[in-house]
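The listed protein sequences derive, respectively, from chains A and B.
Each step along the first sequence adds one to the number in this note's numbering, with nothing skipped, and position 271 is 271.
Each step along the second sequence adds one to the number in this note's numbering, with nothing skipped, and position 325 is 325.
Hints are computed from structural coordinates only; laboratory data are not their basis.
Remember, it's a predicted structure, so these values are computed and weren't measured experimentally.
Treat the hints with care, as some may be off.
Unchecked claim - Restricting the straight-line Cα-Cα distance to at most 25 Å, the calculated cross-link-like pairs of lysine to aspartate or glutamate (DMTMM-like) are:
#	chain 1	residue 1	chain 2	residue 2
1	A	Lys-372	B	Glu-180
2	A	Lys-372	A	Glu-328
3	A	Lys-372	B	Glu-135
4	A	Lys-372	A	Asp-361
5	B	Lys-178	B	Glu-135
6	A	Lys-204	A	Asp-361
7	A	Lys-86	A	Glu-218
8	A	Lys-372	A	Glu-359
9	A	Lys-372	A	Glu-357
10	B	Lys-178	B	Asp-164
11	B	Lys-178	B	Glu-334
12	A	Lys-204	B	Glu-78
13	A	Lys-372	B	Glu-59
14	B	Lys-195	B	Glu-180
15	A	Lys-372	B	Asp-351
16	A	Lys-372	B	Glu-79
17	A	Lys-47	A	Asp-361
18	B	Lys-195	B	Glu-59
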Amino acid sequence: MIYFDHNASTPVRPEVQEEMGACLADLPANPSSLHREGQRARAALEKARGHVATLVGASADEVTFVSGGTEGDHAGLIGAALALEKRGRRVAISAIEHHAVHGAAHLLARLGFAVEHLRVGRDGMVDPRAAASLPPDTTVVAVMMANNETGVIQPVAEVAARAREAGLRTLCDAVQAAGKIPVDFEGLGVAYLVVSAHKLGGPKGVGALIVRHGAPFEPLFRGSAHEFGRRGGTENVPGIVGFGVAAELAAREVAAESQRLRRLRARFEAGVRAYFPGAIVHGERAPRLPNTVNASFPGARSDHLLMSLDARGVAVSAGAACASGAVEPSPVLSAMGVPRELAVCALRFSMGRTTSEHEVDEVIAALVESVKAARAMGKSGTGARA
Amino acid sequence: MSEPTTIVLAAMSGGVDSGVAAALLAEQGYAVTGVTLKLWCYGKSPLSPRACCTLDAIEDARGVARAMGFPLFVVEAEEVFRARVLQPFLDAYAGGRTPYPCALCNQHLKFGDLVARMELVGAERLATGHYARVEHLADDTWALLRAADREKDQSYALALIPYDVLPRVLFPLGGLSKHEVREHGRRLGLTLWDKVESQDLCFVPDGDYAGYMVRNLGEIRGTAPGPFLDSAGRTLGTHRGVIHYTVGQRRGLGLVAREPLYVLAVDAERNAVVVGTKAELDAPGLVTAPANWLMPVPPESGARAEVKIRYHHAPAPATLHPRADGSVEVRFDEPQTAVTPGQLAVFYDGDRVLGGASIAHALSTGARTDAGLLHTEAQGDAGALRAGASAGADLLCTDAQGDARALHTGARPDISRAGITAAS
């Protein structure tokens, strides 16, 4: 199988597997325990915290381990909104945020908060000026660092600067960016940042919410003083240890890997253009993650393409899945103004550490066959029209 | 692809039959790819969990795929379903006919849309959980045959599928009984092995067709009150709208007469429901819409066949007269009760399905038979329709899910189109 779905999850690095295995075998204690076994577990935890802090340019004590991106987004948005409640009960999120941020905003709405949505342009980017003209009772604005579907990199630093001028805090979901491009918590100027281990070679079920020193914050999980009082619950030590190793490797390699992926993407996009002159790469003109290509092949429905590529040994992602698991047009593309007939023909290709030039060529070849088959199906009259 | 094994696309509704069928193929070493057609937007649909094609059913299909270790895809087929099954269903009711949507679903979705999808995954075979068999004959032609288990046989529902898909179809359950199928399910550790079967059309979970059409699909055609007429044209009362009546219906007419009255015809054009005695339900024959033949060359005029006119009808010996326009005039050896426009007439030669077609109208008693002169189906005259159209209607979708034992026999002509479940 050629795996072109690294934005969904990327393989766990062997070094990570090794450290996690050792941790499971040798660090049985609770890191909050006071005895020396507990202290050993704590030491492993804190080492990992340091690596994650380094990866994103934060201080170790700003790093809060959580169960992943979704928890990080909830804890960050809700935790900030609750802490700032006295100033106002309104938050703003960009229209193209991950479901997790939309979900957290829904919960806030359920609690009586107002939710604003920042529009994106046709290029898939948020306009930073929007952050300056929000209603005065707005307290937090959430803008992701890079979109998971299109890979479009958002002007987070500009949004955060304008937000600061207006007295707002910024939450940045950097789940898709971390490990693919450099992430600098300090430089972005945001108050809250979210990363996830399994998108950068670590295990699933662990992530981090970075909370700037002094930033208002109320924990979601309470009852004990874990994680500086920001997240109750015994830490997932093996997962966090794995996250730490993955973060350490990613921090060391991100510059070179980013370049390598950029070359692979150029090769892939050249192939797409050569074989499919009518194809549309979404967000093509915007700065994008070096590993992500979201493209529509007019006349070839993405659910057909996905099945066909799967049968040819290529794993890709298509739009959004509805409750039944059927493919639906992506809300991100809709927010960018992509017409429905093109949105239902979009596929996301996302490359990663295991991707080679040879694989890129193989995917193009499989795509040539699959687009042909999917277009034939669209024209057959029996199939759902694209 | 260097796959050494045959790739099979297995249609999986989430029911026991299609699940076990796919699992058996996987066990036999076929490279199975499961596919579940999404016919509805589940966010809005009020479907009950008992009917097939619900989210629960999709989970059941996934459960089989996970247990057997093959992939399953849920594919969007709402548009095709709406255009090719649902709309014709509504149009038929509004036109006074009693449709059989399962045949259309098989024709356009399972053996249409899915056949097209075979190319996508490079599948050589398409498998479903139907109780039917396919045979490669000595002269290199193909035949659709009844299932070994006559009780479960679903060949009637398959009569409209294209002949040219037969070489590519697998019916793993064709030689099994329902009991054996469930036992296989249990043996293979499939959690759905003892699942209750749906007894209804998958999109009308409570069996109230008329109510469903009006409430859920916004149907207004056929809902205006109009006259009950007898076969001489006299008005006997007022009906509630043609959508509520089917040929052969006895209950719920609210008419007082010396002997029980049955619906003889539903004349949507005149918004009239024609009623009469049981004897008037008998028809010597029928004329179909253009037929689908499951043989390379349609039979000659005068060919003999047994003709089944609804799901649970015992096939009746008859003579077929195929016409130039593709329709067929059928003359029964003995008059048949309840020839219902919209239902299928399926032509059998022993176990073999020769073909099938939607019934356009019944022939009236005493109508002269001259197949050569009766040319267009559109000419089906009102007299023949009124006097000859007859009782129905055992209309359950027992195609993929139904259990024949639970159903009443088709000969009972007192079932409302709108009240099937209550009656069964």
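Quick rundown of the hints versus the structure:
For a cut-off of 25 Å, the pair hint linking Lys-372 (chain A) to Glu-180 (chain B) is broken: about 42 Å separates their Cα positions. For the suggested pair Lys-372 (chain A) and Glu-328 (chain A), the alpha carbons sit about 21 Å apart, so the restraint of at most 25 Å is met. Straight-line distance between C-alpha atoms of Lys-372 (chain A) and Glu-135 (chain B) comes to about 33 Å, which puts the hinted pair past the 25 Å bound. Simply put, Lys-372 (chain A) and Asp-361 (chain A) have alpha-carbon atoms about 17 Å apart, close enough for the 25 Å limit, and the pair holds.
The straight-line distance between the Cα atoms of Lys-178 (chain B) and Glu-135 (chain B) is roughly 21 Å, inside the 25 Å bound, and the hint therefore holds. The straight-line distance between the Cα atoms of Lys-204 (chain A) and Asp-361 (chain A) is roughly 30 Å, outside the 25 Å bound, and the hint therefore fails. With a C-alpha separation of about 13 Å, the suggested pair Lys-86 (chain A) and Glu-218 (chain A) falls inside the 25 Å cut-off, and the hint holds. Using a Cα cut-off of 25 Å, the hinted pair Lys-372 (chain A) and Glu-359 (chain A) holds, with the two alpha carbons roughly 20 Å apart.
Between Lys-372 (chain A) and Glu-357 (chain A) the alpha-carbon distance is near 23 Å, which keeps this suggested pair within the 25 Å criterion. Restraint check for Lys-178 (chain B) and Asp-164 (chain B): the C-alpha separation of about 28 Å exceeds 25 Å, so the hint is violated. Under the criterion of a C-alpha separation no larger than 25 Å, the hint pairing Lys-178 (chain B) with Glu-334 (chain B) is inconsistent with the structure, at around 33 Å. At most 25 Å may separate the alpha-carbon atoms for a hinted pair to count; Lys-204 (chain A) and Glu-78 (chain B) exceed this at roughly 35 Å.
Between Lys-372 (chain A) and Glu-59 (chain B) the CA atoms are separated by roughly 31 Å; this puts the pair beyond 25 Å, and the hint is violated. Under the criterion of a C-alpha separation no larger than 25 Å, the hint pairing Lys-195 (chain B) with Glu-180 (chain B) is consistent with the structure, at around 14 Å. Annotation: proposed proximity of Lys-372 (chain A) to Asp-351 (chain B) is violated, straight-line Cα distance about 40 Å (limit 25 Å). Of the pairs offered as hints, the one joining Lys-372 (chain A) and Glu-79 (chain B) holds, with about 21 Å between alpha carbons and a cut-off of 25 Å not exceeded.
As the CA atoms of Lys-47 (chain A) and Asp-361 (chain A) are separated by approximately 40 Å, the hinted pair breaks the 25 Å bound. Between the alpha carbons of Lys-195 (chain B) and Glu-59 (chain B) the distance comes to roughly 13 Å, so the proposed pair stays at or under 25 Å and holds.
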